[in-house]
Amino acid sequence: MQLTNRAKVLEKKPMTLAERAYLPAIFQGLSITMRHFFMKKATVRYPEEVRPFSGFFRGLHVLKRDEQGRERCTACGLCAVACPAEAITMVAGERKKGEEGLYREEKYAISYEINMLRCIFCGLCEEACPKAAIYLQPDKMAPPRYERDEFVYGKDRLVESVSPDERSVKGIQLTSEQADKLRSRIVQA
Amino acid sequence: MIELPALGWQSIVIFVVFALSLLIATYCTYAERVIAAFLQDRVGPDRAGPYGLLQPLADAVKMFTKEEFFPGGANKVLFVVGPCLAMITALMSSAVIPFGNTMSFGNNLFFLQGIEVNIGMLWIFGVVSLGVYGVMIGGWASNNKFSLLGAVRAASQNISYELAMGMSLIAVLMISGTLSLREITLQQSVAGEWQVWNIVKQPLGFIIFLVCAFAETNRTPFDLPECETELVGGYHTEYSSMKLGLYLFSEYVNIFVVSAVMSVLYFGGFNFPFQYELRDWFINSQGWELASAQNLITLLGTVGLFLKIFAFIFFFMWIRWTLPRFRYDQLMRLGWTILIPLAVFNIVLTGALILFGVI
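Order-wise, the sequence lines are chains H and D. In terms of the UniProt record's numbering, the first sequence opens at residue 1 and continues consecutively. In terms of the UniProt record's numbering, the second sequence opens at residue 1 and continues consecutively.
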């Protein structure tokens, strides 16, 4: 039965002596592998050699502080709502008197947890945040760990450092000039 | 000077040869992995030590510390004898290979060779064909169908290819008229004509010998006895720990030996181009004595022989990572209907050429 007229009739030619002797084909194959012997290797020797991340890589989360070192997060819960993997939980609390230097808004997150095993690093929390508090850093990944509960990151590991020298802009370490600029602004306030 | 007992220096040479072939086999495992990686655009093991040079050591530690497993229903004695036999026969054959010419210290002459016998070639053939017993016994004692199939394959393959190998060798023996490997080597070192290596006189015989050498050492494309895709692991399916290590190791020792035999038979053994000119240059221009110049040439020749051996070992690995495996019927057809008639033709051709005085 013929369904289309695209079928080609192949003529089965008898093999030539060179083809039957195997050896020319073997030498051809050997030359191909020898060419690969001198080619550039595709391997990245990982711990010594790290492949660069793309500029908009979405890695480990960070809870940002503002220029005066106050936590930006106001525990509105929009990130938790936006999260498709339901990885974010938080408990909101009211700012007490005298804590104005710690939290920017009157409401803040007493606890804020991200389960890195649930998180799919889609970045929707970052898009949902009205206070620009949560960021996915482009240069850090959630490292492997031995225990499941170690993957639940609390505020101790999420909130960025107070010291400007350890601060970062979207995960990238501040340069010393940027850190000095930030420090002077904190002192003014 | 310490008076060595009779055969004293020979036992030293044999000990050194054993140690050397073990060392080379060890580093063959490393070389295999690195060459495989390079041919596949990877870098291979590079974690243990500089450039991964301690990798064989790590592998050995791994092998030694693995569980010693005896399958149920296995013949325990033969199960242990198998790998031992494979290793012993592989090592024994290196004893007759001339690794260098003579060294002279005062009046003492040293042959850089384990045993000089006038049946060296026969010895190698006898011992190598004993090697199949190691595989056969191991495969049978495992009480496993895959192992037995692998062993039967190994046995029939080795027997089939030994025929063609022996016949390609007969042509060499017809030219040289001796079975002693040292004599065959020395015949290839006529002063002033280093190009008289047997490869020039026996190109067809060399190709037949090379193909058979691949089959004899169970290397790709003829590694059907241990073909993973069909037989799990072939004859060493049930083996673990260092018993498996011995099998894998004996394969590399066999490669080393067969490379050495090919270098000696066809590529002039410890001879290298312009050796006499070099010796004369040392004597005439540098004012060296004949004995020390000769010793230097001998050492250089040993280095040269090892370079040839390493080139062959590289070729073995190069082939392994280039060619796929033959089917078993293709293997048998190649052996019986192509190589053996070719070998017979080679004998006739050589005889005719000798008769008409061409070689």
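I should point out that these hints are in silico values taken from the structure, not numbers from a laboratory. Just so you know, these numbers come straight off a predicted model, no measurement behind them. All C-beta atoms in this analysis are idealised placements derived from N, C-alpha and C, irrespective of residue type, glycine included. One thing to keep in mind: the hints can contain errors.
Unchecked claim - From the structure, some residues in chain D lie toward chain H, with a derived Cβ separation under 7 Å:
1. L39
2. R42
3. V61
4. T65
5. E68
6. F345
Unchecked claim - A partial selection of chain H residues facing chain D, derived with a Cβ cut-off under 10 Å:
7. Q2
8. L30
9. H36
10. A42
11. F57
12. R58
13. R148
14. F151
15. V152
16. Y153
17. L158
18. V162
19. T175
20. L182
Margin query: Would the hint on T65 of chain D be counted as holding, given a Cβ-Cβ threshold of 7 Å to chain H?
Written below: violated (24 Å)
Note to self: The hint names E68 of chain D as touching chain H; please verify it with the least Cβ-Cβ distance against 7 Å.
What the structure shows: violated (31 Å)
Item checked: Hinted contact F57 of chain H with chain D - closest CB pair below 10 Å -> violated (26 Å)
Item checked: Restraint check, 10 Å cut-off on beta carbons, for Q2 of chain H near chain D -> With Cβ-Cβ at 34 Å, over 10 Å, it is violated.
Notebook entry, point to check: Once the shortest beta carbon distance from L30 of chain H to chain D is found, is it less than 10 Å?
Noted result: This hint holds: L30 of chain H lies near chain D, its Cβ roughly 5 Å from the closest one there, short of 10 Å.
Next item on the list: Using Cβ atoms only, decide whether L158 of chain H comes closer than 10 Å to chain D, and label the hint accordingly.
Entry: violated (34 Å)
Check: Taking 10 Å as the limit, does the beta-carbon of T175 of chain H come near enough to a beta-carbon in chain D?
Finding: violated (35 Å)
Item checked: Closest C-beta approach of R42 of chain D to chain H relative to 7 Å, hint status -> Given a least distance of 5 Å, the restraint on R42 of chain D holds.
Check: Under the criterion of a CB-CB separation shorter than 10 Å, is H36 of chain H in contact with chain D as hinted?
Finding: Constraint on H36 of chain H satisfied, holds at 5 Å.
Check: Would the hint on V61 of chain D stand, with a C-beta cut-off of 7 Å toward chain H?
Finding: With Cβ-Cβ at 22 Å, over 7 Å, it is violated.
Note to self: Please check whether F345 of chain D passes as an interface residue: C-beta within 7 Å of a C-beta belonging to chain H.
What the structure shows: Not OK, violated: F345 of chain D not within 7 Å of chain H, min 14 Å.
Item checked: Status of the V152 of chain H interface restraint (C-beta, 10 Å, chain D) -> violated (33 Å)
Going through the hint list in order, the structure does not satisfy hints 3, 4, 5, 6, 7, 11, 12, 13, 14, 15, 16, 17, 18, 19, 20.
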